[in-house]
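Student: In our numbering, the protein residues as written are 519 to 954.
Each hint should be verified, as a subset may be incorrect.
Straight line, CA to CA, 30 Å or less: simulated DSSO-like cross-link-like pairs of lysine-lysine [stated by the list, open to error]:
#1 785 x 795
#2 835 x 822
#3 874 x 795
#4 710 x 785
#5 580 x 705
#6 580 x 673
#7 824 x 835
#8 795 x 808
#9 874 x 835
#10 795 x 710
#11 822 x 874
#12 874 x 710
#13 673 x 808
#14 673 x 835
#15 822 x 673
#16 874 x 705
#17 580 x 710
#18 916 x 824
#19 916 x 874
#20 916 x 785
#21 710 x 824
#22 785 x 835
#23 808 x 835
#24 808 x 822
#25 710 x 916
#26 808 x 874
#27 710 x 808
#28 824 x 808
If you anchor each label on the Cβ, the simulated ranges turn out as follows [unchecked claim]:
#29 673 x 863: 24 to 30 Å
#30 758 x 651: 29 to 35 Å
#31 635 x 552: 33 to 39 Å
#32 760 x 635: 46 to 52 Å
#33 777 x 899: 55 to 61 Å
Think of the hints as simulated: they come from the structure by calculation, not from any bench. Fair warning: this is a prediction, and the values are worked out from it, not measured in the lab. No residue lacks a Cβ here, since even glycine has one placed at the ideal position from N, Cα and C.
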Amino acid sequence: FGTIATEFSVGSHGSALLAGNLDVPACTTCHGDHDMTSLRTQKTGQRDLAAVAICVWCHGNKRMMERYALDTSPVESYMSDFHGMAQRGSLGAVATCADCHEAHYCLPSSHERSRMHISNRGAACGECHGESTETFVMSFTHKKAAREPEWGVVKVVTVVYVVLILVTIGAMLLHNAVIWLYFARRKLRYQKRHGTVGRLNTFERFWHWTMLVSFTVLSVTGFALSFSETTAIRWLYEMGFTESARAFLHRLFAVVLILDSLLFFGKTLLTRSGRRKWWLGMLPRWQDFKDFFATMSYHMFARKEKPRFGIFNYAEKAEYWALWWGTAVMVLSGFILWFSVDLPADAPLWLVPVAKVVHFYEAVLAVGAIIVWHLFHTIFHPEEYPLGTSFMTGKLTKEEAEERFTSEAVAEQTLPPETFHVDALHKPKWQHDEHS
């Protein structure tokens, strides 16, 4: 104990503490007070991670460092270099601050007795890395590049690579986007001209587009709050996006989504055709389970005949009911959070915390389902790629319909001949249609 106390008292922290500086760490800062323990008694990962976190409390505090004409760059560079990244990822097993700078007898690198002094650094690094060359031990520093002229080349190389990545990947994306848009446009034009089977009327397309836009804005503005520290969201805020704007947009499009849903309910429930198509036609039936197993069997080569479906297949029905379930849950939990100050005085204390959890995880579930399920069936399904365009045209060609639906479903959805485009009965595959 005497050795540790002596080392601490003559080190940078101890000498400053004895001089009356209360900003520096004392014994209890690192080891605790009533539950005082040695960090050596902890599991390796816990010990190492705790040791780094303790140092970061002060050395990562910008205001405290500025008080002593220091900065937080040592913490930033450590966290972005190998030791720091491995420390966060593995919770230990690599060098901590104290491993290089000592825990109790920490001294500035200019002090000849410091482990990081130029004359001692090789031995310090060698404890883990073995015999180390001068180039190796001098290649790692916490100092800012601007203060080390020889490191200016690092900044130049970094800028060059960032520009190279943006230009190269950007050019690749542009190239691929031109090709993708070409095929999407051809399919869209073909379906407009040759579509004879109706899927969505004008009102239904309006409902879908409004739902799409409001859902997208709600997702972005919602996760912007939950993941405000991510690079993309921080970039939005740096570009002028504010918390008040985020909150306003989130609530505005929540109202838009609710009104859009109510409009859909009114239109479909108050008309015979709406009830038949969107409610009776969406009810789960035993045939849906048989269709599911038939689809799986066909795509695993256990069935030769491709299954045909009714107007809505099992995948569309599942997504339809999930939409209304998710909307109800999100609206209810959202209103609890929005108007939490107006809740009754006798409301249970768990109500708001539970609403927060439900609102977040239901949003994750909804966005995940859209990406994994909806986008697959409307874009990435091999029979739809590059894009299912019926949400824009409201139509399918007879050939597309006959590949998906039973003959009864095709007949029921076939549009009146007077609504056909002049080229509707001209039937090449859209990939072989006129290039223009």
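Student: Against this structure, judge whether each hint is valid.
Tutor: Quick rundown of the hints versus the structure:
1. 785 x 795: Roughly 12 Å separates the two Cα atoms, so the pair holds.
2. 835 x 822: The hint holds at about 25 Å.
3. 874 x 795: This hinted pair is violated, its Cα atoms lying about 35 Å apart.
4. 710 x 785: Measuring from Cα to Cα gives roughly 25 Å; hence the hint holds.
5. 580 x 705: Roughly 57 Å between the alpha carbons, so the hint for residue 580 and residue 705 is violated.
6. 580 x 673: Holds: residue 580 and residue 673 sit about 23 Å apart, inside 30 Å.
7. 824 x 835: holds, 19 Å
8. 795 x 808: holds, 21 Å
9. 874 x 835: holds, 28 Å
10. 795 x 710: holds, 23 Å
11. 822 x 874: violated, 49 Å
12. 874 x 710: Violated - the C-alpha atoms of residue 710 and residue 874 are around 45 Å apart, more than 30 Å.
13. 673 x 808: violated, 62 Å
14. 673 x 835: violated, 55 Å
15. 822 x 673: violated, 61 Å
16. 874 x 705: Violated, at roughly 43 Å.
17. 580 x 710: Roughly 61 Å separates the two Cα atoms, so the pair is violated.
18. 916 x 824: Between residue 916 and residue 824 the Cα gap is close to 17 Å, so the pair holds against 30 Å.
19. 916 x 874: The given pair, whose Cα atoms are some 47 Å apart, is violated under the 30 Å limit.
20. 916 x 785: holds, 28 Å
21. 710 x 824: holds, 26 Å
22. 785 x 835: Holds - the C-alpha atoms of residue 835 and residue 785 are around 19 Å apart, at most 30 Å.
23. 808 x 835: OK: residue 808 and residue 835 at ~14 Å, within 30 Å.
24. 808 x 822: holds, 15 Å
25. 710 x 916: holds, 12 Å
26. 808 x 874: violated, 39 Å
27. 710 x 808: Violated - the C-alpha atoms of residue 808 and residue 710 are around 33 Å apart, more than 30 Å.
28. 824 x 808: holds, 13 Å
29. 673 x 863: 24 to 30 Å: 59 Å Cβ-Cβ, so the 24 to 30 Å window is violated.
30. 758 x 651: 29 to 35 Å: violated, 49 Å
31. 635 x 552: 33 to 39 Å: Holds, since residue 635 and residue 552 (Cβ atoms, about 38 Å apart) stay within the stated range.
32. 760 x 635: 46 to 52 Å: holds, 48 Å
33. 777 x 899: 55 to 61 Å: violated, 31 Å
The structure does not agree with the numbered hints 3, 5, 11, 12, 13, 14, 15, 16, 17, 19, 26, 27, 29, 30 and 33 stated previously, though it agrees with the rest.
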